[in-house]
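Working from the sequences, and respecting the hints, build out all of it.
Read top to bottom, the protein sequences are chains A and B.
Going by my numbering, 5 is the number at position 5 of the first sequence; the sequence numbering is gapless.
One gets my numbering by counting positions in the second sequence from 1 and adding 100 to each.
Simulated from the structure, these hints should not be mistaken for lab results.
Warning: the hint list may mix true and false statements.
Derived contacts from chain B toward chain A, CB cut-off under 8 Å, selection only [claimed, not checked]:
hint, residue
1, LEU221
2, VAL246
3, ARG622
Quick caveat, the model's predicted, so the values are computed rather than measured.
From the three backbone atoms N, C-alpha and C, an ideal C-beta is built for every residue, glycine too.
Residues per chain are reported as follows:
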Amino acid sequence: MSITTNHVKQKSVLELTVNNHPGVMSHVCGLFSRRAFNVEGILCMPIGDGHRSRIWLLVNEDERLENMVKQLDKLEDVLDISRHGADHQIFSRLEEYFRA
Amino acid sequence: MQFSGAEIIVKLLERQGITQISGIPGGANLPLYDALKLSSIKHILARHEQGAGFIAQGMARASGRTAVCFATSGPGATNLLTAIADARLDSVPLVAITGQVPLPMIGTDAFQEIDTYGLTLPITKHNYLVRSVEELLWVIPAAFRVAASGRPGPVVVDVPKDVQLRKMEVTKWPEPGGPAEPPEPDSPDVDRMVQIINEAKRPMFYIGGGIINAGAAQTIRRIVDKASIPTTSTLMGLGAVPSNHPLFLGMLGMHAARYTNMALDECDLLIAVGVRFDDRATGKVAQFCSHARIIHVDIDPSELGKIKMPFVGVEGDVAKVLAAAESRIEAVDRSAWLSRICELKAAYPLVMPGADDPLSPYGLVLQAAAVAEQDAIITTDVGQHQMWVAQSFPFSYPRQLLTSGGLGTMGFGMPAAIGASLAYPNRQIICFSGDGSLLMNIQELATAAEERTNIKVIVMNNAHLGLVRQQQELFYGSRFSASRFHAEPDFPAIARGFGLEAVDLGNVPDPKKALKHAIGQRGPCLINVPIPAEDKVFPMVPPGAANRDMIGGENHVDND
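Next up, the structure:
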């Protein structure tokens, strides 16, 4: 599920609060994959009492991203969504686990 | 009191006000059908799950209320997919309840197991795999809330067989799920919209299915009249403004009248309401209304700017937005613009060859319209006949036309007509179809006969996939590849075999009289009409071209 690009793209970090059940990741990832929009990084863990999860997505900036955020917001299981810049630390602090 | 999951589903459907369900039983939904047997809900046994899906769609589209269909697991569910996807693209509220293999067998490649949840994920508004009987108490009302709230759409509820069988104590039933009250539109956006409309010299309304879903047809008619704003409609919006309204310019886009696309090219403000800038409407997007500012009103925020960035985007229920704007939209003198529209209309009208001949497409549509009852519901299949109907049938009220717009599904029309007839048993339902489309769900003629529906299936029979043939002639050097049916079935004989009345207009002394008689008689009837394979839908914008680059349909040229 990747669009190869020749140049380094600006990245964005999306923070989603979602219901925690088996289909949610499919709903979220499906929105991207069916538009051939690559998700560079995904993190997901339950929060609070486990009824909800937080999903962090690392995605390339693209003119479609704004519409993607609106589409995510429409998903029944997505309760909240916020958009951070590439300087957000969540993915960079995990880099040591992702060395080739 | 103890209830099984199946009994809970049926009870909740009754509480939703559901009185009719289409579907087909099978191994994984037998408990559901067992519970249905004791219910007041009437079941309509389709002959293929796709038919069941379109019958439910017909009920929903005709009435505006959420409709329900049932299917079993595996092939039952996969057969439903096309009807679900079709409902998604045309924003039709539908709840499809599918049987699934028992929970412990999920993932084992059990008999008739398929990942219904995964398959329906991209084609539903939302979907559920119910994992316990307790969940049903909130999932069923939620399914109805989601299907009908905001922009309507299909919801799938996949229920494993053991969940249907499991019993639980129910002491209190949940409230039925219904559409959430749409939020009030943002008033600064409405203010800007009003101001820009009042300032516009050459505005045009571009309206679509959203107007009909919102019940805003009367409001838009009042605004059109008050502010003298010429109006064009998408296929899905036909009927919102009556076709004989002096300011109504018909459908826009690929098969619009020439003057309609030309007027759009000259407008200085496009007020897009309840539309999604579909490629069949816009043609080449960069050149669509290139001189105009755009106001876009839609209940679905992801539609604003999806295709074309609006100058003003208003997120909201179009009925509420229009109601908030109506009193402040001024009665501006736009006589110069209106006379320009009249000029265009006179010079570049919709040309309908054979309008007097009931054995030619336009003549057939017009003749059927002339003899149809005032409140007849029209359904179509997909292809040339669909566009001829959209161009020429005098639609005059919302939900009069039920057609597969977004997905363009051949096989939609006849089962949708059955659904419309079930929703409104006393109304006449006329289904325009083609010989290609009708064969795609012809098994539902059995359902039409069994239910004694008052549907009239008019088959424009050219022994071709007509719109394919047309495109091959126009764009593929007349290389007619696989568009001709060499075996020509005897449709009247087939219909009689299913228990319908039938007539062949090509084989009677007075086709007009025979058509009138066939439409006027109560009960299901098939009307076969041989039409020339060479007839084309004109004008036509070549796929990918700008709307101003239309082929055919010139006023001075004979289209034959």
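To see whether the hints hold, each was checked on the structure:
no.	hint	in the structure
1	LEU221	holds (5 Å)
2	VAL246	holds (6 Å)
3	ARG622	violated (44 Å)
Consistency note: the structure conflicts with earlier hint 3 alone.
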